[in-house]
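S.K.: Using the sequences and the hints, build the whole thing.
Sequence lines, in order, name chains A, B and C.
When we follow the working numbering, the leftmost residue of the first sequence carries the number 172, and every step to the right adds one.
When we follow the working numbering, the leftmost residue of the second sequence carries the number 4, and every step to the right adds one.
When we follow the working numbering, the leftmost residue of the third sequence carries the number 229, and every step to the right adds one.
Worth flagging that the hints you see were computed from the coordinates, not collected in a lab.
Even glycine gets a Cβ: it sits at the ideal position worked out from N, Cα and C.
Watch out, some of these pointers could steer you wrong.
Stated by the list, open to error - Estimated spans, in silico, between C-beta atoms of each pair:
(1) C:Asp662 x B:Phe40: 30 to 38 Å
(2) A:Ala242 x B:Ala235: 34 to 42 Å
(3) C:Gly980 x A:Ser225: 53 to 61 Å
(4) C:Gly980 x A:Gly203: 53 to 61 Å
(5) C:Gly980 x B:Gly230: 54 to 62 Å
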Amino acid sequence: MNDVRLRVNGVARQTAVPDHESLLTTLRERLGLPGSKNACEQGECGSCSVLMDSELVCSCLVLTAGADGRAIETVESLGADGLLHPVQQAFVDAGAVQCGFCTPGLIVAAYALLRENPEPSDLEVREALSGNLCRCTGYGTILAAVQRASRAMYRR
Amino acid sequence: MAVHVARDVDDATRAVAVDERAELIAGGTDLMVEINFGRRRPGALVAIDRVQELRGISRSGRVRVGAGVTYTQLLADDAGSAALREASRSVGSPQIRNAGTIGGNIATSSPAGDALPVLAALEATIVVRSVRGERRVPFAEWMTGPKRNGRARDEIIVAAEWESAGPKQTFMKVGTRNAMVIAVASLALVVDASRRRVGVALGSCGPTILRADRAQSFAAGVLDELGWERQAAPTETACAEFGALVASAARPIDDVRGTAAYRSHVLSVMAARALARVAVLG
Amino acid sequence: MTLARTRVRGRVGESAPRPDGVPKVRGEFPYASDLREKGMLFGHTLRSPHPHALIRAVDVTAARAISGVRVILTERDLPTRERFGLMKRDQPVLAEGRVRYAGEAIAIIAADEADQARAAAKAIVVEYEVLPPMSDPIAALGPGAPALHEGGNVIDDVLVVHGDPDAQAEVVVQGEYEVAMQDQAALGPEAGLAIPTADGGVTLHIATQWLHEDLGQIAPALGLPNEQVRLILAGVGGAFGAREDVTLQIHACLLALATKRPVRMSYGREESFYGHVHRHPARLFYEHGARRDGTLVYVRATIVLDGGAYASSTSAVVANAGCFAAGPYRVPNARVRSVGAYTTNPPAGAMRGFGAVQACFAYEAQMDKLAAALDMDPVELRARNAVEDGDRIITSQPVEGSEPVANLLRRCAALPMPADEVAHPLRAGRPWRDPLLLPGGAGNLTHGEGIRRGTGFAAGFKNVCYSHGFDDVSHARVRLERTDGGIRARVHTAAAEVGQGIVTVCQQIVRTALEVEEVIVETPDTTIGSAGSSSASRQTWMTGGAVLAACREVRAALEERALARGRAMDELAALLDEPIERSVAWRHRPTEKRDGHTQSHGHVAFLFAAHRATVDVDLGTGLVKVVQVATSQDVGKAINPQAVVGQLEGGIAQGLGLAVMEEVLLRDGQVRNASFTDYLLPTILDMPPVVCDLVEHPHPDAPYGAKGVGEPPTISSTPAIVAAIRAATGRELNRVPVRPDDIVFGTVARSGWRIVPGSDPAMAARA
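M.R.: The following block contains the structure:
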């Protein structure tokens, strides 16, 4: 087992993980953060997306034991004190949530996008979310949600 | 500890030297898939994604891109290679581009690796290092078969180097969806006007990245006539012939992603377009 | 009389936010794969690598020795010989001496850790005697084909005979069509948690589409009375038909009962591909006859559906394909033979649109062929023949309560077209458009060269709810109560929320009928009666209907109480010292069983939609970019407009997938692409903007007139996209998904059989 220290959602966490465990498994099974989802385990769907040192990655492809010292942000880091983050609120308001399995990954990806590019064009949103599959919505409401969040966050 | 996070290249080379079971992991976008599915279980792992020395891009004279440079980095700084930027944009998804490295592409040596046709067409050199020293391998000698290359077990890829080739270059890739696709066929075309050299490399059309020697010579002839430094379009006939020559260099097979016949056809189309496209770049 | 003092928000007709939206965006919504229980074990399944084989021996000795393994069960260890299956109980819980598809379950294991269970599966030694696969459903129907099940290889056989089946016409067009195997690919893979209970029974937390149907298959297989098996709906990560059949339910319960420990089973993506049913692949042989003026005279068709190894819901798919084979058109004469065959391919079953999707691809291709033969505009030809109230479809059932399909077509045709045409390539060679907007996307294949744009239309239809005399019922319980915070209602049904929004619909109906804003939707489980499946676009009609009926009874009871106490009805605080609760079992108007010619009023109602698609095709590479899809759909009444649009857009995405990229690739019964690397779902870069025109033509029998909306978007979107590709390329394209090869080489898919449309496929001759 490997002792790993991570900063997860702003909190210092320490855990012991087997050599081959992915960050997705660690988050879900050891750190009490089941928000990131497992839909493919091979980086093809984005449901497990988290920010690692501020970069959007698939947590199923991160070797936890190799990530010692990294800062991780999951969907659970968004919103505070019972209030939703504007990105989360926008997804609710725009009807961009159906079964919701893709939703945490999409919210993290949208959050990452808006942090870097507060007023993205439609095409920029699409390219930024191209690693997140959704099977329910057809993406139209998701695009609307991201633009809604952009307006809410940057008062366009 | 079976997972070692390397601090620098020497640390990494020592770690793989002392432990025979040790394998390297950078972005993890290939290896973690194998691990998640139980297909590979390395006895030990050396993580090299924190080695700063591998993440540099330098361009004084010879271009040198560190093996740990990610595709996202290359989209911001393409090391002067438009084809590399185009290839990087076609890789996977933002999540994959943030983690995946050019060194990983080189190490995995899949014929479908997106950066590899570009490196081949640029006549890049792969630089590897071990506790025994540094070795430089021309890309043309690097891949020995599908997912096989000349790297010794204890060698780490540290960089890819090439001579800057100018703006006349492009990369194209066929996939049946607009994002996150493995290439059905891919092509890199580099016209190095200052050196009067044409590089054409094909991906997903054979067991390794293939070169199209006859097509290269033919294109050089066309450019001799048109003028290498000019921005003049070759005739449609010339482009079509170039396309046919490129297709004839391929050794495609039928597989789950496409048929050999389609691969040949689409290579000829890509190549014809590529020549028309790069000839007018300046 | 209105009950509420202030206006109740979130009523029928408003885009009320869904009650589970907040937990879902927080990542707190508990899906089946998120469930944990103290002391739980991990279950895993050993599956057959062969599509067809006898099992000579199974040796679990080495597997049992693996540390952490608690129990391994093979068919010898099963408590009963009961089989399961949606319509025929033809599937063994674990393979009995014979394997009929690659992926069939052979053994199940429970271990302390998931890795140990997987290692144990690898350590089980199975001796197979491999048998030849039977991969061609038409061959399977032929005389002399080895019987895969007792009774032969016909799962079901439906004949539709209408008017004069041998009618003749001046203008005739024929065609052979193929629809490949699509997968539902819900993002949430299969998962469930089984917990043994003190009474010797088991509680199963399960992501499913129909709790009570599962129960009806699980309890007998376990040898337990229904009362000892309780099902509770766990969070569902999408369904689209994949959860209508039993997958891991019986396995998880068996392991829990054998170990007396909670057991969780959770499939990965690859196992999910093997572990659930898929859309029926189909071969369709059609002949349309019409008069010179475009009036349809007859349709004759033979439809062969590949049911795979087990029957699942093939019978219903076969019937649907037959009934809807001629499309939403007036066709006075028809002969349609629709047959489902057993093969050794993976089992096929329910997927959104079932049977109607396959037929629509064929009949809409036929309509375009006819339009070309008549030199008529494709929309005009359709509008000329399109049904409206009073017209009969080929089962003789009249259309009722529906917008004339001609109106849907014309409205759709009038929706705004997409803005840009792709310009001709520039001489300067500099890209003027981001390649992401063009076919091939980031593959950088074109900056405008070789692009041609095309537009195509299609119309489609299907039934809503179940058919042919099925006694469909939905139960609902509604309770009106007073709390410290005010007045609130609780609604309990067993309706599976799979993402479609039935939870929101229930809330909205209660808010409207009882004028109470706070409505709690209780967790669906088997303590209440069945709500039927979340399929057939039926939940709004049936469970919505049940909830509305229960609300009406609550209201009536409230009125009675008010009268008895001499109070006004809106004095809720006083009247609700005791809550009022009413339960209802709600049915639709009965449908008629099928007769030998399938002439009966077998359906509750029909759902109609029209689609228009615009595509750009790169003629050189054969790659397609769908530029826009526009649709006019008769939704009856949009209970939640935003949610309805979500269903339409989501369904169109699945239709787009089937049109250009989704296919489970099979070779001799082996799945070659059981992963998201090679089973391609549309990404956000593949989906175009969608223009939705919701047409509200209420149906008198539906709650608030609201029809179902989930399936029509997957039915005629696919043919519209293919029609657009044909317009751009001139290619015949008789198969979906369209592959780049088909565009580049003009390949025509051939079954290798000659079948006279309308005839028995068992009489097929080799072409």
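S.K.: Using the Cβ atoms, figure out if glycine 980 of chain C sits within 53 to 61 Å of serine 225 of chain A.
M.R.: At roughly 57 Å between Cβ atoms, serine 225 of chain A and glycine 980 of chain C fall inside 53 to 61 Å, so the hint holds.
S.K.: For glycine 980 of chain C and glycine 203 of chain A, compare the CB-CB distance with the range 53 to 61 Å and indicate the outcome.
M.R.: The hint (53 to 61 Å, Cβ to Cβ) holds, given that glycine 980 of chain C and glycine 203 of chain A are roughly 57 Å apart.
S.K.: Verify the CB-CB distance for alanine 242 of chain A and alanine 235 of chain B against the hinted window 34 to 42 Å.
M.R.: Violated, since alanine 242 of chain A and alanine 235 of chain B (Cβ atoms, about 53 Å apart) do not stay within the stated range.
S.K.: Mind checking the hinted window 54 to 62 Å against the Cβ distance between glycine 980 of chain C and glycine 230 of chain B?
M.R.: Because 56 Å falls inside the window, the suggested range holds.
S.K.: Quick check on a hinted range of 30 to 38 Å for aspartate 662 of chain C and phenylalanine 40 of chain B, using CB atoms only.
M.R.: At 35 Å between Cβs, range holds.
Hint 2 from the earlier list is the only one contradicted by this structure; the remaining hints agree with it.
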